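Residues 1337 to 1550 in this note's numbering are what the sequence shown spells out, letter by letter.
Hints listed in this document are in silico derivations from the structure and should not be mistaken for laboratory results. Hints should not be assumed to be uniformly reliable.
To be verified - Calculated cross-link-like contacts (lysine to any residue; reagent style SDA-like; alpha-carbon spacing at most 20 Å): (1) Lys1497 <-> Trp1436; (2) Lys1497 <-> Leu1487; (3) Lys1339 <-> Gly1523; (4) Lys1416 <-> Arg1342; (5) Lys1497 <-> Lys1465; (6) Lys1446 <-> Tyr1520; (7) Lys1471 <-> Thr1456; (8) Lys1339 <-> Leu1359; (9) Lys1465 <-> Leu1487; (10) Lys1339 <-> Asp1367.
If you're wondering where the values come from, they're calculated on a predicted model, not measured in any experiment.
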Amino acid sequence: MTKTIRIGAGAAWWGDRVEPAALNAERGELDYLCFETMAEATVSAAQVRARRDPSFEGYDTYLDDRMCAVLPACMRNGTKIISNQGWINPDAAARRIVHWLRELGHTGVKVASVNGALITDRVLQLTDKILENGKPTSSLAATLISAEAYLGAEPIVEALKAGAQIVVTGRVADPSIFMAPMMYEFGWDPRDHGRLGQGMGIGHLMECGAQVTG
1337 MTKTIRIGAG AAWWGDRVEP AALNAERGEL DYLCFETMAE ATVSAAQVRA RRDPSFEGYD
1397 TYLDDRMCAV LPACMRNGTK IISNQGWINP DAAARRIVHW LRELGHTGVK VASVNGALIT
1457 DRVLQLTDKI LENGKPTSSL AATLISAEAY LGAEPIVEAL KAGAQIVVTG RVADPSIFMA
1517 PMMYEFGWDP RDHGRLGQGM GIGHLMECGA QVTG
């Protein structure tokens, strides 16, 4: 029998409604529920807020709402969660998810955080010159809000291989959140560009899932 997996889209952007994700978790018979909550400016906006508001933890401001809505059904149904709600602080987001798991009476659930996207310090240390003006990248220090690299699916796959039931990331390429379960479950070789292209296409459709399905 051909192996299949069911992946649900829990959010296509930061302000998406929470209720459809809860319905997906409850009725979708899902293997994975994935949340894509970041736009291009999300990290910069989060960095600005963190500088102005020391109480801001750096993760999705709707993290509590979304997790409280879906965790009961996901834990009951064995649905794994993958989310980029970690924004600029995936570790804090993971700790917050663990908090809600304990509140719901779930212990021993493996929660992984994926870091490495924030590279502001590294950019300022480079000796490269800016193409437009020939100045070193260090000249951006006074005005640079944030620099980040888009991570791929591989670190999410590694977390799943390590037994994580919930994976929370910062900046990753949007389709990677959905492609990682396919790579993990089907054992795709990361050098198989044909498969990766298929997964990328599916991931792009699903990361804006509400717009695809109407």
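Hint by hint, here is what the structure shows:
Our distance criterion of 20 Å between C-alpha atoms is broken by Lys1497 and Trp1436, whose separation comes to about 24 Å. For the suggested pair Lys1497 and Leu1487, the alpha carbons sit about 17 Å apart, so the restraint of at most 20 Å is met. Of the supplied pair hints, the one linking Lys1339 and Gly1523 holds, its CA atoms being roughly 11 Å apart against a limit of 20 Å. Our distance criterion of 20 Å between C-alpha atoms is met by Lys1416 and Arg1342, whose separation comes to about 11 Å.
A threshold of 20 Å between alpha carbons decides the hint, and for Lys1497 with Lys1465 the separation of about 40 Å lies outside it, so the pair is violated. At roughly 17 Å between alpha-carbon atoms, Lys1446 and Tyr1520 fall within 20 Å of each other, so this suggested pair holds. About 17 Å separates the Cα atoms of Lys1471 and Thr1456, which keeps this hinted pair within 20 Å; it holds. For a cut-off of 20 Å, the pair hint linking Lys1339 to Leu1359 is broken: about 24 Å separates their Cα positions.
The hinted pair formed by Lys1465 and Leu1487 fails the criterion: a straight-line CA distance of about 24 Å is larger than 20 Å. In summary, the hint linking Lys1339 to Asp1367 is supported, as the alpha carbons are separated by about 12 Å, within the 20 Å threshold.
Violation of the numbered hints given earlier is confined to hints 1, 5, 8 and 9; the remaining hints are satisfied by the structure.
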